[in-house]
Structures are given as C-alpha cells and as structure tokens.
Amino acid sequence: MPVPPSRQPIRHLREGLERKRSWAERLHVDGPLLLALLVLLLFGLAVLYSATNQNPVEVRRQALFIGMAIGVLLFVAQINVRLLRIWAPWMFLGGCVLLIGVLLFGDISNGAQRWIDLPGLPRFQPSEVMKILVPLTVASFLSRGIMPPTLLQVLVSMLIIGTPAVLVARQPDLGTALLIGVAGIFVLLLAGMRWKWVFLVLTLAVAAAPALWFFYMDDYQKNRIHTFLDPEREPLGAGWNIIQSKTAIGSGGLYGKGWLNGVQSRLDYLPEGQTDFIVAVLAEEFGLVGILFLLTLYIVIIGRALYIAGAAQDLFARLTAGSLTLTFFVYVFVNIGMVSGLLPVVGVPLPLVSLGGTSIISLMTGFGILMSIHTHRTARLGF
Amino acid sequence: MTEHHILKDHNQERKLFLSRLLIGAGISALLLCGLVVRMAYLQIAKHAYYSTQSDNYRIHTLPVAPNRGIIYDRNGVILAENKPSYNLTVVKENARGMQDSLALLRDLIGFSADDEEKLQNRLKRRAVPFSSVPVLVDLSEAEIASVAVNQFRLPGFAIEAQLVRHYPHGDLLAHALGYVGSITEDEMKTLDAVNYKGTDEIGKNGVEKFYESLLHGTVGYEQVEKNASGRIMQVLSRTDPVAGQDIMLHLDVNLQQAAEAALGDFKGGIIALDTTTGGVLAMVSKPSFDPNLFIGGISRTDFARLNSSKDTPLFNRALAKYAPGSTIKPFLGLAALDTGLRTRDYAVRDAGYFQLDGSRHVYHDWTWWSNRSGHDLVSMERAIYQSCDVYFFDLATDMSIDTMHDFLAKFGFGANTAVDIPQASKGTLPSRQWKLATIGEPWYPGETVNSSIGQGYTEATPLQLATAAMVMANHGKWYQPAMVKRIGLDGEDRRLTSAMPDVQLNNDDDWNFIGGAMAKVVHRNGGYRDDGTAYDYIAGVKPLAYTMAGKSGTAQVKAMPADFRKGDAVPEEYRDNALFIAFAPVEAPRIAVAVFVEHGEGGSSVAGPIARQILDAYLLGSEGALKPEFIPAEPALLSAGAP
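Chains as they are written, first to last, in numbering that gives the first Met the number 0: chain A, 0 to 382; chain B, 0 to 642.
Hints may be right or wrong, so weigh each one.
What follows is a list of derived Cβ distance ranges for each label pair [stated by the list, open to error]:
1) A/200 - B/93: 48 to 56 Å
2) A/199 - B/18: 18 to 26 Å
3) B/9 - A/34: 31 to 39 Å
4) B/113 - A/59: 49 to 57 Å
5) B/235 - A/34: 40 to 48 Å
6) A/74 - B/28: 31 to 39 Å
7) A/203 - B/9: 31 to 39 Å
8) B/154 - A/225: 22 to 30 Å
9) A/37 - B/230: 35 to 43 Å
10) A/154 - B/28: 29 to 37 Å
11) B/116 - A/59: 51 to 59 Å
12) B/26 - A/199: 18 to 26 Å
Since the hints were made in silico from the structure, they are not lab data. Even glycine gets a Cβ: it sits at the ideal position worked out from N, Cα and C.
So that you can see chain A by itself, here it is in the shape it has in the complex (with noise of 0.2 Å):
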C-alpha cells in the first residue's frame, strides 16, 4: 500500500520504535537491572545455604520468595507508573490504617507488634509496605506543584512522612520508622527543597536528639547506642553481635576461609547471621573480594537505577525512582555499616541477601516501579 510521503518521516520514526521494542521492552522489563538484581538473588542464596548451616528447608523457601518476588517485580512494571501516582494517596491512607491496625490487633513477635494478618493474605508487616508507599506518595503530591517544593507543600510532605513513621515508631520499631522517614525525605531533597531548610531541619534534629534519648527510646534502644559505642562493654551480650561479626568479617581475610568453610556462623557464634548479619558470613567465608563482588552488584543495580531515574519523564516518575534508589543504598550502606561495626546495630537486613520474604517482595516491588518508569515511556521522549 502506498504512502503518502507527507507522513515518510513518521512512519520511519514510527518502525524505528518497533525495532527498538525488543522482548525486554514488551514485557516492561530493564534488561541489565534485571541482569544484576538476578545474579545478586542466586549469589545470595548461595550464601544463604551455607548461613543456614546447610538448611535446604529454608534455602528453599527463600527460593520461593525470590521467585514470588520477581513475580510481583514482573506484575508491577505492567501498571503504568501514572496510574501509581493516581493510586498511591489512597494506597498510602489505606497503609495507614493497617498500621493502626498493627497497633490495636498486631501479632507480637521479638516484643514489637509488626505482623498483621489479613484474611486471604499471607501474614505481612504493613510498615514494610510503607517503605514504598511514603516516597510515592509524597512524590505524587508534590508532582502536583511547580518545583522547588513550597514551605507548604514540605509541610504536608513532612505530614505525609512523619504519620506513618510515629505509627511505625510506636510499634516499636525505630529502624523502619527511620527508614520510612529516610525514603521520603529523599524525595523532598531531590524535588529541589531550599538548602536552608534542609539545614535547618537537621539542626532541630540535632537538637532534638537528647530529648529523644531521654524521653523517647526504648532501653534497648540505648543499648544498642552503648554497645556500638563500646562494644567490649558487654563482650559476653549486646557486644557479643558486633564482636562476633568483626571477628567473622576480619578473619575471612582478602580471600576468604571458602564457600561453606566459614566457622564463625556454623558453630553459633555468629547470631543472625542469616539474616541481618549475612554479610558476615559472606565476607568470611568469601573474604575481601566476595565483599568488592557483593558491593560491584549494588553499584550496578544502583547506578543503572540511578540512570532510569536520570532518564525519567516526568517529576513523579523521577521523584520516586530517585527517592527508591537513594533509599535501596542506605539500605545497603547502613546493614553493611552496622555488621562492620561503622554503625549502630538497627534491624535492617541486607537488600535481596538476608533471609525473610517480606523484605525482598518489597524490594522488588520497588525495581518493579523502576521498570516500569523505564518502559512506559511516551514517544516524546525521543524529542
């Protein structure tokens, strides 16, 4: 059929798309994220197997939410990423709810009421949902407004983050209150939010921290404060974690004691260390350059993340895959930071490796926005 040569130019600009489309693309998936978060999940099973001192029982179910994981990463790269800025307010309301819910009928586990169990679904903790649900909420609104965020609209932002993170707070699980604040917040920092402020909110922050000691944290908490900074205080409790991890970490020396040969994990010293000490295990048994190989994937996934978010369209899409990378980093910063003993010991696991579904359904949740950021974009991109 002929063309009319007035619309050549489209209709080539129109099949370069198509060729363009490979079989990544059409199932809404980023090749090399995909790539690197695959190649990070079995690296990670492999050091789960021998943290779990050889338990195939675990191993498989971790295997298990792995695949369910990447199930959801599949499911969520197919909602356009404006439809989440539509739905994320009302998912976030409904997020809250469940927190108080958490709060008045949660199961307690570790003495803190995290766990909630909904009929038809599978028992979750709703703070980790919130993780997601606070960047993209606080990006769907300040989406809505001219950029640099107004005095205003950081207040309602603030509102937005600190409701869920007092809920979570009071659980008690400062970590995660911690995080959720973190996740949006970042948002706020990439939108463009004054300096000054920014400033100025650290310094009430810094202010504010005795009177947090004092009045708010758990004795636990202060613990956990003592022992990283001391850690030979108590060798034989809270010091035992960070003394036993260190020890681990150091004797696996630059090439480690060799896949399942780590001792420190198989003869109990280590605790956790399936989940949120697995670095320990990893560091040990595949020393320095199993540390360098782990910390080469984060970068790959975290730069090509960084990329998409760079690439992104509009200020929602790039508010949130900004604010979800950020935030995925800290992650891994923070669990490796308070393992090595840089930091203080907070329940955060390690991204993708540790032990413990909800964690990484969550995640890849989050690659699945990511994804989908990246494959939903319009031809004006091209422009």
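With chain A fixed as given, assemble chain B onto it according to the hints.
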C-alpha cells in the same frame, strides 16, 4: 499558567532534580568507598588479629587425663583399678539459673550443702572457660535416670562418664595402698601443672603417693572445636595420653586377708615380709577405713568421723612406733654373744627381781607378778624362750647403751630402711648421744636396764620388728623392705641391692643358736616349766607343720593408776600392748612376721597365735601340709610338731 511556562519549568525542574540526584550519587559513592575501606581494614590490616580471635573462640585445647596405673598383688589380683563413674557435671557459662538447678538437684538426688561447698571449690579452681566441672560423682542408675528426665530444667548440666580410682578390697588395703584424693591447693603448687591439667586426683598416701609419678602417666591433648554454647562439634587433633605404669606389689591379698582376720577385733598392726626379697607380703592396720571414700573428695562429715574417732582408723599402726618389749631380747642376746660379754653357758640366778648396785630401785621379772618368784638359774637360751627379764637386766650391767644401739642399728632399728614406705616411723633407738641431743640429759644406768627388755625409750615399728626378724632368719642377710615387686606387669622383678650391709658375726653358729632359742619359744622343750612362753598357745594348741621361730613381747603402756586394786578388770587403755615376731621355716626361712596388738595384754597368748595363723596361711597348702616350694632342703633342726 500557560503551556509555555509549564514547559520551561519542566526543564528547570529536571535540571534541579538531576543536580540533586548527582549530589546523592556522589555522597553514595563516598559512603561506598568508606565501606570498602572499612572492610579492607578488617580483612587485610586486622586479618591476623581476627583470625586468632576466631580460633580462640572455637578451638579449645582440652587435656586428656591419662589412665592411672593399676596396682596388682603378687598373684595378679587387682588391688586398685579405674572404673567408669557417671558424674553430673556443669559448664558454668551455660548454666542459666544455676541456683534453681541446684535447688532442683537437692530434691532430686539429695545434693547436700557439703556437695555444694565442694562444687564451689571446684568452680574456683577451674581455669578454662566452658569446661565442665563435676557436681556429683558416681551417680547410681536411679540418680542418672532422674537427672535425665529433668534435663530440660537443668541447663548447662550433663552426665559425663569418667574413669575414677576404685579399691575393690575397700578397707582391707587402705593402709597398704594409700589412696587418691582431690588435689589440694598446696599440692597444686608443687605439681607439674601441665601434666596434671586433666587430673583431679593424686596419690595421698602409701603406694599411691610414693609411686605417683609412675602411676600417673603423661597427659594427652585434644584440640576440639566448640560452638558458641560450648558443645564440642569435632575433634581437630588428638595427642593420646600415656597411661600410667601398672605396678605389681609383693603383697599377697590372701595373706593380707588372713592376717586381717587373725587380728580379729583387736586394734593393731601386722607386717609380713618375704625373707627372700624383703617384699611386704601383708601390711595390716586396724581399725581401717574405706579408701573409696576419698575418691572425688571426701565429704566433711566422713572425714570428721574418721579423723576424730578415738580408734584413729586413719593411723597406720603397722608403721607406728611402740615399745618392742621382750621381742628385742633375741637381738640383745646375739649382741651379748658377738661382743663376748656373755657365753652361751653363762647363767644368772633369777629370784624374780633385780637391783642395780647402789640403787634402791627394784626391777621385777614378769614372773614376779604371777607367782612372786623368778626363773631360777637361767642361761641365754632359756632367757630367750622363757623371756627372762632378770638375765637381761644383768646383761645391762655389762653392756652399755651405745653397744646395744650399735648392734640393734645393724638390724634396722632406729631407721626407716624400707625402700618405698617413707611414711613409716623411724622408731627410737636410744644412745647417750641421742638422749643428749633430744632430751638434753646424760644417760642413766637404770635406763639401760629398761632398754634391755625393750622398754624405756626404745621404740620400734612392726615394720622394723619384722625386718629385724627377717635379718635374723636370714643369718644376717639384708633385704630392704619394699612394697613394689615389679613395675609393669610383664617386666622383671626389681632386684635392689641393699643399702644396709649384711650383719656379720664373729661366730656364724650364733645365728643357729639364737634361732634355735627362738624356735623353743613356740615348740615343746622338755615339758612343764621348761617350755617356751608361747608353746601353750602355738604348737601346744595344734602341731606345727614346719619349724617356727618366734619371740613374744608384752610392753607396758601406762603405769597402773594408784587406786588400782589387784583383781579388778584392767581398763583397756592400761592394758599392755602385745607383740610377737616370728619367722619360718627356721631351716630355710620364707616369711618373717611382726604382730602388734594394741592393749592385747599377752605377747605369747594373744599376738603369738595371730603370728602363727599368718605363717600357716602363707606356708601351708590346702591339706595343711607345707607347700612344696617352701619345704626346706635341710633336715629340720627340731622335730617339728613333736608334742
């Protein structure tokens, strides 16, 4: 807002976002570098330190105690062995709620305050963290079961099997073997701390103490990997301990039993020596105690009971010194002949009493107390077999105490001549010099008179008396008394050259003369008034199947109280000690015996038959005849068993 305005803003917004994102990425990169530096610091710079730490946590070197050498008697009967014992132990680090657990144990298996005190002491001594400490030793099966059922309420507690010393013969051999007991802090100071790392017990007395270094062995080591709760996950390497050496004693447990039985309910001490080696065939001291009580630490109440008993069961009477009484007479008789102070025929008229020239003190013969007379005309032979005191009182006027001392010293009096019985007393062999040195007074002639009948300062142990009897039996040939016959079951018997020189006489026949006189103590010799003191109690009761030589002694312990009237029953503590020395067969001696019966009253009547039973037990076969290996090659000096 116009479309244009919004578009312009979009670009600005994007620039602002990108700059912020770049800052974020930059900070992230910096922090990531921080992590890498931190990891490199831990894994490269501090690698050696943390590797050592890691090994220190998990690798523990545990001492493996060597098995203590087993002690056998001369026939291979086990006298001291190691038997598995099930102990309740605790690892302090893992014992959460130790007080609750101990309270539970009080209800379950009667864990007492005494036990708790011992436990606290052991916990204090413990050096290695995560090592187990015994709580209660040697649990019965019922106790093991009730602990096992309640295991979950006893965190940190466990049942452990361990080899502990066991004395199957109990109190029979307590004084001969000694025993092992918990190492005290004082002993710790002098011990080889390395070699005793895994050892809880040490020889406290007797053979167990003297041969400690042989019996103990060499400690072994096990390098084990422990998990965080102190459980041993695997043994990394092992250096086996070297078991202690087995020891065979000269002791004959059958003879020991016979001797113990012969002593009956009396308190006393008995030594039997193999005259061909000096080996101790039997060492009895009664009352005795169960040495097994000391295993794992004796309880306070048990120790108090043993230690404060007026029967002093912990005291070894076979090695303690007592006045030898008339058992000394054959040796002084020999001295008199050898020094030429007396001839065999020299006779003394004994009227039943004796006075030194210029002294008003009257020394009575023992016969005086029964019939107010003496032995009449007495030569040396009769003075021995009828135990005439006046003959020896008379001898004391010619023989100085120093001559007595020098001659008796050749037979081992006044010294501990045993090879491996250091706990034995040296006795007392008085001399002028001795008295001046220990009492600070000159020697008085009257004291020589007392010494001539084994009273006064003179004191000897049953071990010394048996040794002297052996030397007499051997015609001067010396063997030093020894407990241990052989080290290692397959080895050769130890042949020790005697540090004591053989006793040489000017006239060798004097041995036969005195030996003959001692034989007449127990055998018939012409009938009434002319028989030996012990004839009525020994050969007179039942004919002897061999020639036995002996000498009785009855030694005064305490002067009678002033208000004591003749005919009253003598209170036990005032009763004389009874002694008897013997050897047989006279022609080719195989065994020498000394019997000491505390407050036994009659040397011939009480101690004599005991000595005879011991000789019978050793020398006679099942049909009451001399065992073939003991039959002398020479014909009998006396017609054995003649009525």
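Quick rundown of the hints versus the structure:
no., hint, verdict
1, A/200 - B/93: 48 to 56 Å, "49 Å, holds"
2, A/199 - B/18: 18 to 26 Å, "20 Å, holds"
3, B/9 - A/34: 31 to 39 Å, "32 Å, holds"
4, B/113 - A/59: 49 to 57 Å, "56 Å, holds"
5, B/235 - A/34: 40 to 48 Å, "43 Å, holds"
6, A/74 - B/28: 31 to 39 Å, "32 Å, holds"
7, A/203 - B/9: 31 to 39 Å, "32 Å, holds"
8, B/154 - A/225: 22 to 30 Å, "27 Å, holds"
9, A/37 - B/230: 35 to 43 Å, "39 Å, holds"
10, A/154 - B/28: 29 to 37 Å, "32 Å, holds"
11, B/116 - A/59: 51 to 59 Å, "54 Å, holds"
12, B/26 - A/199: 18 to 26 Å, "19 Å, holds"
Checked against the numbered hints given earlier, the structure satisfies every one of them.
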